[in-house]
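Undergrad: Start from the sequences, fold in the hints, and give me the full structure.
Line by line, the protein sequences give chains A and B.
Under UniProt numbering, the first residue of the first sequence carries the number 1, and numbering increases by one thereafter.
Under UniProt numbering, the first residue of the second sequence carries the number 1, and numbering increases by one thereafter.
Honestly, the hints are just simulated from the structure, not real lab data.
Since this is a predicted model, take the numbers as computed values, not measurements.
Hints are all accurate, no fakes.
Subject to a maximum C-alpha distance of 30 Å in a straight line, what follows is the list of computed DSSO-like cross-link-like pairs (lysine-lysine):
hint	chain 1	residue 1	chain 2	residue 2
1	A	Lys319	A	Lys303
2	B	Lys10	A	Lys319
3	B	Lys303	B	Lys319
4	A	Lys10	B	Lys319
5	B	Lys328	B	Lys303
6	A	Lys328	A	Lys303
Number of protein chains: 2
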Amino acid sequence: MSDSITPLDKVGEFGLIRRIQQTVTLRQASTSLGIGDDAAIITPDANHDLVVSTDLLVEGVHFDLTFCPIKHLGYKAIAVNVSDVAAMNAIPTQLVVGIAVGARYSVEAIEELYEGMRLACEAYNVDLVGGDTTASRGGLTISVTAMGQVPHGQAVKRGGARPNDLICVTGDLGGAFLGLQVLEREKQAYMADPEMQPDLEKYTYVVQRQLRPEARMDVIHELRDLGVVPTAMIDISDGLASEVLHICQQSGTGARVFSENLPIANPTLEVAAEFNLDPIMCMLNGGEDYELLFTVPLSAHDKLKNHPDITIIGHITEKSDGVNLITKAGQPVPLRAQGWQHF
Amino acid sequence: MSDSITPLDKVGEFGLIRRIQQTVTLRQASTSLGIGDDAAIITPDANHDLVVSTDLLVEGVHFDLTFCPIKHLGYKAIAVNVSDVAAMNAIPTQLVVGIAVGARYSVEAIEELYEGMRLACEAYNVDLVGGDTTASRGGLTISVTAMGQVPHGQAVKRGGARPNDLICVTGDLGGAFLGLQVLEREKQAYMADPEMQPDLEKYTYVVQRQLRPEARMDVIHELRDLGVVPTAMIDISDGLASEVLHICQQSGTGARVFSENLPIANPTLEVAAEFNLDPIMCMLNGGEDYELLFTVPLSAHDKLKNHPDITIIGHITEKSDGVNLITKAGQPVPLRAQGWQHF
Numbered sequence: 001m002s003d004s005i006t007p008l009d010k011v012g013e014f015g016l017i018r019r020i021q022q023t024v025t026l027r028q029a030s031t032s033l034g035i036g037d038d039a040a041i042i043t044p045d046a047n048h049d050l051v052v053s054t055d056l057l058v059e060g061v062h063f064d065l066t067f068c069p070i071k072h073l074g075y076k077a078i079a080v081n082v083s084d085v086a087a088m089n090a091i092p093t094q095l096v097v098g099i100a101v102g103a104r105y106s107v108e109a110i111e112e113l114y115e116g117m118r119l120a121c122e123a124y125n126v127d128l129v130g131g132d133t134t135a136s137r138g139g140l141t142i143s144v145t146a147m148g149q150v151p152h153g154q155a156v157k158r159g160g161a162r163p164n165d166l167i168c169v170t171g172d173l174g175g176a177f178l179g180l181q182v183l184e185r186e187k188q189a190y191m192a193d194p195e196m197q198p199d200l201e202k203y204t205y206v207v208q209r210q211l212r213p214e215a216r217m218d219v220i221h222e223l224r225d226l227g228v229v230p231t232a233m234i235d236i237s238d239g240l241a242s243e244v245l246h247i248c249q250q251s252g253t254g255a256r257v258f259s260e261n262l263p264i265a266n267p268t269l270e271v272a273a274e275f276n277l278d279p280i281m282c283m284l285n286g287g288e289d290y291e292l293l294f295t296v297p298l299s300a301h302d303k304l305k306n307h308p309d310i311t312i313i314g315h316i317t318e319k320s321d322g323v324n325l326i327t328k329a330g331q332p333v334p335l336r337a338q339g340w341q342h343f
Numbered sequence: 001m002s003d004s005i006t007p008l009d010k011v012g013e014f015g016l017i018r019r020i021q022q023t024v025t026l027r028q029a030s031t032s033l034g035i036g037d038d039a040a041i042i043t044p045d046a047n048h049d050l051v052v053s054t055d056l057l058v059e060g061v062h063f064d065l066t067f068c069p070i071k072h073l074g075y076k077a078i079a080v081n082v083s084d085v086a087a088m089n090a091i092p093t094q095l096v097v098g099i100a101v102g103a104r105y106s107v108e109a110i111e112e113l114y115e116g117m118r119l120a121c122e123a124y125n126v127d128l129v130g131g132d133t134t135a136s137r138g139g140l141t142i143s144v145t146a147m148g149q150v151p152h153g154q155a156v157k158r159g160g161a162r163p164n165d166l167i168c169v170t171g172d173l174g175g176a177f178l179g180l181q182v183l184e185r186e187k188q189a190y191m192a193d194p195e196m197q198p199d200l201e202k203y204t205y206v207v208q209r210q211l212r213p214e215a216r217m218d219v220i221h222e223l224r225d226l227g228v229v230p231t232a233m234i235d236i237s238d239g240l241a242s243e244v245l246h247i248c249q250q251s252g253t254g255a256r257v258f259s260e261n262l263p264i265a266n267p268t269l270e271v272a273a274e275f276n277l278d279p280i281m282c283m284l285n286g287g288e289d290y291e292l293l294f295t296v297p298l299s300a301h302d303k304l305k306n307h308p309d310i311t312i313i314g315h316i317t318e319k320s321d322g323v324n325l326i327t328k329a330g331q332p333v334p335l336r337a338q339g340w341q342h343f
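TA: Below, the structure is given as structure tokens:
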């Protein structure tokens, strides 16, 4: 990144779009026309369905640029939308991005934002095909709409779980939430003493989980290779408890999730201890891990039981059994959603 | 609309989504799954391309709720995106909507916004299939991504105009801009004297053009019925001059636009006179009319010359001739884009 600072009004909307357009590479055969017309043109593969998901990221609500590098923010904006596409069992193909940006932003900052998006497009093999760039009276708002393709009829919804299905989760949980706690604490310390040099090295793992989440496209491809088709799937944005409840509600089932089975990384455990927070609560309600939660028929057990990136955390039950966390002591405790409440 | 006022935090994000979901009707056969999962599922018709366009509408930049009823705003947010789909010669099919909304908004206001969107979805026969609802620290931001379908290879881009093609425009121009002038003036008067009762009756036409623009889907259908396929097309959001320049730039051509031929409605002319504004300038640079600008081969002349809603305003020339407005006196004047500059 150059150190120069160019006000946005120097290049204007069309100038900014041209600069962004020059950095875009198109990879998908289904992209027939990218940025530069009234709309992009997509020619979907035969016998495929399209999935479409949209998300808004709002400064001061979803991100804080005092501790989030803007390039990471660009990457994350794409990753969280790709995660929604993954959660449908689809492969991401195209996306459009709208940004509303206040006058205090420089051209260079916005180029950094798009550089992060470009890196994410490369990582997930997805094409940026259109967008909108406008002013805002306040901070930065990013809107991303992601599209993906899935063979006709093979999209996986939230409502397909059946009693005795296994409940699986990818990766580990709670890290993103604890990363946010670390960043908030360092921000307070910095505001009290701007001379302070934060030492984040021992928190690298959890901070990375917060600032640079990855969509689990790798797992989607692996499940295809294994011939395992989930019966229900959702990505973990609001917290495991909230997402298990979504699956059970839409599937008309109950569930038993075993607290002993919940996957947590050692660095996450250590930070939870430092903050005196219950690691189980961090995993259940922390959110923003962008791991996948999915259910599979019992018959898939042998294919998944030793998978290094997939943990079987429980099973689906009849609706009348309720949705319960089973404690170490074997006690059932009803799961409650304590996801965010922005308003 | 009920008169009650419910704070957004009373119902939360999920409660708001449920309320919105209940008002949604799905009409398109290609909508396989609407709101309520990680993503919507679309099953495009065989042999069709999809077009995708996205727009952000930002409070204080694109709209002012002191004079724009929020239901109209909802309608307009959809109409302007449908207009982009129309400008590709496509039929709109699905859309997703994200809103970021400040705490001062009530549930009832947001329901009114969605009621306007619902009316637009009905008018344009398009399905609201997904979205995102979140808080903002400031005003209201609306993000709309619209999708449409067009038979494979029949999308019309901006770059297909050829010398001797006729340049056509739908409806009439300048009204939306003058409507904005009227509304701004009344707002100033109201702020000076809140007792004032604005009398907008004589301005109904131009105010309506500003607050409730319509996408010209009717013309898209008529052109199909007539068997006329435009060589290039764009919708008029930034002003006729800017859009003619876009077509010429991307087509590698020049153009001659005859000022005498530019279509203006009588009420627009009257308001221009009252504000002492040159009606030609209002038509060229006013913007927000959301009419279609398109080019057709000379052979289409007889089919379009008497069409009540289409005006032939000039023709495409070689690039070396430049892009000119031909005045009443026959003088060529280079066209310049004076579209908005938000930053």
